[in-house]
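Protein sequences, first through last, are from chains A and B.
When we follow numbering that gives the first Met the number 0, the leftmost residue of the first sequence carries the number 0, and every step to the right adds one.
When we follow numbering that gives the first Met the number 0, the leftmost residue of the second sequence carries the number 0, and every step to the right adds one.
Keep in mind that the hints were calculated from the coordinates and are not lab data.
Check each hint, because a few of them may be wrong.
Because identical chains share one entry, a pair is satisfied inside a single copy or across any pair of copies.
[Stated by the list, open to error] Taking lysine to aspartate or glutamate and the DMTMM-like style, the derived pairs with C-alpha atoms no more than 25 angstroms apart in a straight line are:
no. : residue 1 : residue 2
1   : Lys15     : Asp227
2   : Lys15     : Asp131
3   : Lys254    : Asp227
4   : Lys3      : Asp131
5   : Lys101    : Glu270
6   : Lys70     : Glu31
7   : Lys302    : Asp220
8   : Lys15     : Glu2
9   : Lys36     : Glu65
10  : Lys300    : Glu31
11  : Lys101    : Glu219
12  : Lys101    : Asp193
13  : Lys101    : Asp198
14  : Lys101    : Asp220
15  : Lys36     : Glu270
16  : Lys101    : Glu2
17  : Lys101    : Asp251
18  : Lys302    : Glu219
19  : Lys70     : Glu242
Protein chains: 2
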Amino acid sequence: MAEKRLGRQTVCMSGKVGVLSSAAVTGGKEGEGPFGKYFDYVSEDSYFGEASWEKAETHMLKQCFELACGKAGIAPSALGYIFGGDLLNQCIASSFAMRDCKVPFFGLYGACSTMAESLSLAAMSIDGGYCDMAAAQSCSHFCSAERQFRFPLEYGGQRTPTAQWTVTGAGSLILGGSAPAPYITHVTTGRIVDAGICDANNMGATMAPAAHDTLRAHFEDTGRSPADYDVIVTGDLGAVGSEALCALFSRDGVKFGENHLDCGLLVFDRERQDVHAGGSGCGCCASLLASLLLTGMRERKWKRMLFAATGALLSTTSSQQGESIPGISHAVVFDMEG
Amino acid sequence: MAEKRLGRQTVCMSGKVGVLSSAAVTGGKEGEGPFGKYFDYVSEDSYFGEASWEKAETHMLKQCFELACGKAGIAPSALGYIFGGDLLNQCIASSFAMRDCKVPFFGLYGACSTMAESLSLAAMSIDGGYCDMAAAQSCSHFCSAERQFRFPLEYGGQRTPTAQWTVTGAGSLILGGSAPAPYITHVTTGRIVDAGICDANNMGATMAPAAHDTLRAHFEDTGRSPADYDVIVTGDLGAVGSEALCALFSRDGVKFGENHLDCGLLVFDRERQDVHAGGSGCGCCASLLASLLLTGMRERKWKRMLFAATGALLSTTSSQQGESIPGISHAVVFDMEG
Numbered sequence: 000m001a002e003k004r005l006g007r008q009t010v011c012m013s014g015k016v017g018v019l020s021s022a023a024v025t026g027g028k029e030g031e032g033p034f035g036k037y038f039d040y041v042s043e044d045s046y047f048g049e050a051s052w053e054k055a056e057t058h059m060l061k062q063c064f065e066l067a068c069g070k071a072g073i074a075p076s077a078l079g080y081i082f083g084g085d086l087l088n089q090c091i092a093s094s095f096a097m098r099d100c101k102v103p104f105f106g107l108y109g110a111c112s113t114m115a116e117s118l119s120l121a122a123m124s125i126d127g128g129y130c131d132m133a134a135a136q137s138c139s140h141f142c143s144a145e146r147q148f149r150f151p152l153e154y155g156g157q158r159t160p161t162a163q164w165t166v167t168g169a170g171s172l173i174l175g176g177s178a179p180a181p182y183i184t185h186v187t188t189g190r191i192v193d194a195g196i197c198d199a200n201n202m203g204a205t206m207a208p209a210a211h212d213t214l215r216a217h218f219e220d221t222g223r224s225p226a227d228y229d230v231i232v233t234g235d236l237g238a239v240g241s242e243a244l245c246a247l248f249s250r251d252g253v254k255f256g257e258n259h260l261d262c263g264l265l266v267f268d269r270e271r272q273d274v275h276a277g278g279s280g281c282g283c284c285a286s287l288l289a290s291l292l293l294t295g296m297r298e299r300k301w302k303r304m305l306f307a308a309t310g311a312l313l314s315t316t317s318s319q320q321g322e323s324i325p326g327i328s329h330a331v332v333f334d335m336e337g
Numbered sequence: 000m001a002e003k004r005l006g007r008q009t010v011c012m013s014g015k016v017g018v019l020s021s022a023a024v025t026g027g028k029e030g031e032g033p034f035g036k037y038f039d040y041v042s043e044d045s046y047f048g049e050a051s052w053e054k055a056e057t058h059m060l061k062q063c064f065e066l067a068c069g070k071a072g073i074a075p076s077a078l079g080y081i082f083g084g085d086l087l088n089q090c091i092a093s094s095f096a097m098r099d100c101k102v103p104f105f106g107l108y109g110a111c112s113t114m115a116e117s118l119s120l121a122a123m124s125i126d127g128g129y130c131d132m133a134a135a136q137s138c139s140h141f142c143s144a145e146r147q148f149r150f151p152l153e154y155g156g157q158r159t160p161t162a163q164w165t166v167t168g169a170g171s172l173i174l175g176g177s178a179p180a181p182y183i184t185h186v187t188t189g190r191i192v193d194a195g196i197c198d199a200n201n202m203g204a205t206m207a208p209a210a211h212d213t214l215r216a217h218f219e220d221t222g223r224s225p226a227d228y229d230v231i232v233t234g235d236l237g238a239v240g241s242e243a244l245c246a247l248f249s250r251d252g253v254k255f256g257e258n259h260l261d262c263g264l265l266v267f268d269r270e271r272q273d274v275h276a277g278g279s280g281c282g283c284c285a286s287l288l289a290s291l292l293l294t295g296m297r298e299r300k301w302k303r304m305l306f307a308a309t310g311a312l313l314s315t316t317s318s319q320q321g322e323s324i325p326g327i328s329h330a331v332v333f334d335m336e337g
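Just chain A, same shape as in the assembly (with noise of 0.2 angstroms):
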């Protein structure tokens, strides 16, 4: 077997990966929940100053990613790869965003668990050998979200008590060979997994046996159990789909839910903001992870954290030519040791 593989799913680094810096920018609602005070700017604007939300999306991760590469006192031709992605039809909110730093990139899809995704192949760049630093980043809007995968916003559509609300936000981190703690000391690469679910309106649901199966492949590869983390994070699961992610591990007879925590449920204040099943989106685990998080854990508030984003790999098309919904989760692990 692979010398770094530890089983089916998982791999860990053989070397130090650290994380540099990191930036989290986002939309006013956001800056409005719980959490607001730990992001890095904060626009009022959900335009951005631009003539469109596309537009405001791309100038979000930019403003995002300078801020991540000016924390790390680096210019971007430092990076030896960006890797990232969006909601977007062919991702342009990424590839636009970085149209002008001049750097190696790897464009993902991964849905809303890219960030994990791209969080997975930076750390193996670096800890394979390919570079010494790499950014890893992903953004959604609101606005551009909703009118791409579900109605104009003029329609005023109504929304289910499943729905969850995209959260308009970027995060961006950089990490090095030789960055401090927190170590990215393991990676979980998710498989897609389809239970069968058609409701679009429901993405808790579609994802949470995805992160069930990649969060049980990654305690049956390493070893480790939930008690083993001081905190388990999921990307976008929401009120419907953690709740579905205890009772999966539930019927597994596997304690689950002590330490976790979702950022679908953090990120808004579900009884004052009017976001029904909680926040979504590629941006609402990135712009958390590069704030709220990693401040918790460079704070010593967590000191080993399992970081599991989670995606709903559905198209309007597939979703209206009658397809169920897989979902896919990755998993990093962050660790004050290395």
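Put chain B on the given structure of chain A with help from the hints.
Same frame as chain A, now just chain B:
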């Protein structure tokens, strides 16, 4: 500098990463092209027996992947990772084709550069010690691409002389650390290059500057010149882009063109098949690499090949909003010597 890094964009493999098997599946028009006999399977039915063109594309890729696994004599479960992507919104062909195979999956978006992007990451994941074997694949379908990016086929839109014909085709390669030649020895990862071109019917012109940027970086990083390769293959520049690429190298004072082939010019007979500037799409270079090109290497027609796939990073939304079209090109070296 990272141990395997040769320069700003190129890395070399420290061990041998070979090609265990490859498979190509195409539509009927491609089968009638000059090299149609090299494809493993040609479907006369553009629906591949399915109810929609998107399902057809999914079917084609799945069939191609299964053929590649079969030729390698492995079950999909033997693969450490699958890397792949396509042109459809949210890359549904790749996700849906792989939803039953239960292998850790990294979804990519590199437009028509995806085949080289997937090969790059698959080779690095093996060489880095993260897995023993990985699949790299990509696909496109003329009918699903036309209706998504341009017009419904029933509309019968006129095509401009610079337009290219999206290939209905899939290519899948199984790479392995103990697989035979040809070996992937170098990976040059592209930067996003925007030459300011806005004509969505002239992909060749948008991609040529990206191909030039990546190939130039490759030569600079490795100290090689075009003459060090038996053949330099670009993805789908077509007639316009191929001429532009040669002109760009000519401006540099670099002799380029004698050993250059372009998959967009190889796949169809432009005299006979009415495809204007040539073929295009992720599946164009994917299907030719997996058949004609690797066969040519195994038969020692070429001993060293530089394979540079090229992508145009546009969406209908970006073009409707007046954006120019950035391009990207990723390159990998196949060598019969390790």
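Exercise. Okay, which hints does this one fail, numbers in order?
Worked result: Hint check: 5 and 19 fail, others pass.
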